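*Asks:* Sequence:
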Amino acid sequence: MDKQAASTGVNDSGRILDGLLEILEDMIKDWDTGFSGRIGPATSLMTNLTFESIDIVMLIVAIEERFGKKGLPFEQLLMLDGHYVDDLKVSQIVQFLERELPAGMTA
Numbered sequence: 001m002d003k004q005a006a007s008t009g010v011n012d013s014g015r016i017l018d019g020l021l022e023i024l025e026d027m028i029k030d031w032d033t034g035f036s037g038r039i040g041p042a043t044s045l046m047t048n049l050t051f052e053s054i055d056i057v058m059l060i061v062a063i064e065e066r067f068g069k070k071g072l073p074f075e076q077l078l079m080l081d082g083h084y085v086d087d088l089k090v091s092q093i094v095q096f097l098e099r100e101l102p103a104g105m106t107a
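Position one of the sequence shown corresponds to residue 1 (the working numbering), numbered consecutively onward.
Calculated from the structure, these hints are not laboratory results.
Fair warning: this is a prediction, and the values are worked out from it, not measured in the lab.
Note that the Cβ used here is the ideal one computed from N, Cα and C, for glycine as well.
Among the clues, some could well be false.
Here are the simulated EDC-like cross-link-like pairs (lysine to aspartate or glutamate), alpha carbons at most 16 Å apart as the crow flies [what the hints assert, rightly or not]: (1) K70 with E100; (2) K70 with E25; (3) K69 with E98; (4) K89 with D32; (5) K89 with D18; (6) K89 with D55; (7) K29 with D55; (8) K69 with E100; (9) K89 with E52.
Label-pair distances were calculated between CB atoms; the ranges are [to be verified]: (10) D81 with D32: 28 to 36 Å; (11) E22 with D81: 30 to 38 Å; (12) S91 with D26: 16 to 24 Å; (13) D30 with G82: 19 to 27 Å; (14) A42 with R15: 17 to 25 Å.
Whole structure, please, built from the sequences with the hints as guidance.
*Replies:* Below, the structure written as structure tokens:
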């Protein structure tokens, strides 16, 4: 847990984004995605980074480990009206984590 974030009691979206970008960059470093840009808030996991279902599972595990919080309700992020979403943007994951992480758990 980040001491500065804990002392302010506020989740910092910049810290969440930085942590998520580190996870994603580590995951795809050896993949041939064809994506030539930098990963950022508008990057789509499936469209830009060629994520598949198993990659999403691995990402969830990495997020839970990074932020020290197991059992986050990722189904709220991954399902819409009872169906799995077709794609996710980095910004959507950051917004989800801002809502779901207890104050101060921003890695």
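*Asks:* Indicate, hint by hint, whether the structure satisfies it.
*Replies:* Hint check results:
{"no.": "1", "hint": "K70 with E100", "verdict": "11 Å, holds"}
{"no.": "2", "hint": "K70 with E25", "verdict": "22 Å, violated"}
{"no.": "3", "hint": "K69 with E98", "verdict": "13 Å, holds"}
{"no.": "4", "hint": "K89 with D32", "verdict": "19 Å, violated"}
{"no.": "5", "hint": "K89 with D18", "verdict": "15 Å, holds"}
{"no.": "6", "hint": "K89 with D55", "verdict": "14 Å, holds"}
{"no.": "7", "hint": "K29 with D55", "verdict": "13 Å, holds"}
{"no.": "8", "hint": "K69 with E100", "verdict": "10 Å, holds"}
{"no.": "9", "hint": "K89 with E52", "verdict": "14 Å, holds"}
{"no.": "10", "hint": "D81 with D32: 28 to 36 Å", "verdict": "34 Å, holds"}
{"no.": "11", "hint": "E22 with D81: 30 to 38 Å", "verdict": "32 Å, holds"}
{"no.": "12", "hint": "S91 with D26: 16 to 24 Å", "verdict": "19 Å, holds"}
{"no.": "13", "hint": "D30 with G82: 19 to 27 Å", "verdict": "35 Å, violated"}
{"no.": "14", "hint": "A42 with R15: 17 to 25 Å", "verdict": "19 Å, holds"}
Comparing the model with each numbered hint stated earlier shows that hints 2, 4, 13 do not hold.
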